[in-house]
Amino acid sequence: MSRQALVLIVVLLLGPAHANAPTQSLGELTTVEKVDLNRYIGKWHEIALFPNRFQAQCVGDTTANYALKPNGRIEVTNRCRTSDGKTDVAVGEAKLAVEDGSNAKLKVRFAPAYLAWLPQVWGNYWVIELDPDYQFVVVSEPNREFLWILSRTPALGDATLSGIKTRLTARGFDIAKLQFKPHSAK
Numbered sequence: 029m030s031r032q033a034l035v036l037i038v039v040l041l042l043g044p045a046h047a048n049a050p051t052q053s054l055g056e057l058t059t060v061e062k063v064d065l066n067r068y069i070g071k072w073h074e075i076a077l078f079p080n081r082f083q084a085q086c087v088g089d090t091t092a093n094y095a096l097k098p099n100g101r102i103e104v105t106n107r108c109r110t111s112d113g114k115t116d117v118a119v120g121e122a123k124l125a126v127e128d129g130s131n132a133k134l135k136v137r138f139a140p141a142y143l144a145w146l147p148q149v150w151g152n153y154w155v156i157e158l159d160p161d162y163q164f165v166v167v168s169e170p171n172r173e174f175l176w177i178l179s180r181t182p183a184l185g186d187a188t189l190s191g192i193k194t195r196l197t198a199r200g201f202d203i204a205k206l207q208f209k210p211h212s213a214k
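The working numbering applies: residue 29 is where the sequence shown begins, and numbers increase by one.
If you're looking for bench data, these hints aren't it; they were derived computationally from the structure.
There could be a bad hint or two in this list.
Simulated restraints, written as ranges between beta carbons of each label pair [as the list claims (entries may be wrong)]:
| no. | residue 1 | residue 2 | range |
| --- | --- | --- | --- |
| 1 | 140 | 213 | 34 to 44 Å |
| 2 | 213 | 114 | 13 to 23 Å |
| 3 | 114 | 58 | 37 to 47 Å |
| 4 | 142 | 105 | 16 to 26 Å |
25 Å max Cα-Cα, derived DSS-like pairs, lysine-lysine [as the list claims (entries may be wrong)]:
| no. | residue 1 | residue 2 |
| --- | --- | --- |
| 5 | 97 | 71 |
| 6 | 114 | 71 |
| 7 | 123 | 133 |
| 8 | 62 | 97 |
Just so you know, even glycine gets a beta-carbon here, dropped at the ideal spot from N, CA and C.
Go ahead and model the full structure; you've got the sequences and the hints to work with.
Listed below in structure tokens is the structure:
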């Protein structure tokens, strides 16, 4: 079975179940007010994440590259190193989730374009913390099930990472779930 077919099946089966999952009285998750997309685009290194089924094959060197498309959407290219040393690549697209003046809530899909009309193939991508200099970002979704800490560099300083963890804990995230995967010296 192709990877795209497997992703589609998982999204179609699990998407509706997670669509209205409760946030366990943690309060509504807020995002940053606005994102300057011209500063946001480019390459980001994954520092940590909550483990998830769609990145299970990744053992390190995970990056995300964002590029503005002529239609105003964002091309998302995720890369990672797998256990056999190969590079896994997933290309997707992000769009604004709501037309409320904020662009910190996006929807992203990695399913084929011909399935873009299905709401189940779009996942939430919320920018919940963003360094003023755009050197790190924290991305999640309303139910706090998924989380990524990204950086412009392959490593974050201890003080910066400690501060992020403290703020995430205060916002109801279980940081014990954070998984760190290495970046090779290249």
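query: Within 25 Å, alpha carbon to alpha carbon, are residue 114 and residue 71?
result: holds, 19 Å
query: Taking the beta carbons of residue 140 and residue 213, is their distance inside 34 to 44 Å?
result: holds, 36 Å
- prompt: Holds or violated: are the alpha carbons of residue 97 and residue 71 at most 25 Å from each other?
  reply: holds, 15 Å
field: Beta-carbon spacing of residue 213 to residue 114 - inside the hinted bounds 13 to 23 Å or not
entry: holds, 19 Å
message: The hint says 16 to 26 Å between residue 142 and residue 105; measuring C-beta to C-beta, is that right?
response: holds, 19 Å
message: Please check whether residue 114 and residue 58 have a Cβ separation lying inside 37 to 47 Å.
response: Between residue 114 and residue 58, where Cβ atoms are some 39 Å apart, the hint holds.
field: Given hint residue 133 paired with residue 123 - CA-CA distance at most 25 Å
entry: holds, 9 Å
query: When you check the alpha-carbon spacing of residue 62 and residue 97, does it fall within 25 Å?
result: Holds: residue 62 and residue 97 sit about 19 Å apart, inside 25 Å.
Checked against the numbered hints given earlier, the structure satisfies every one of them.
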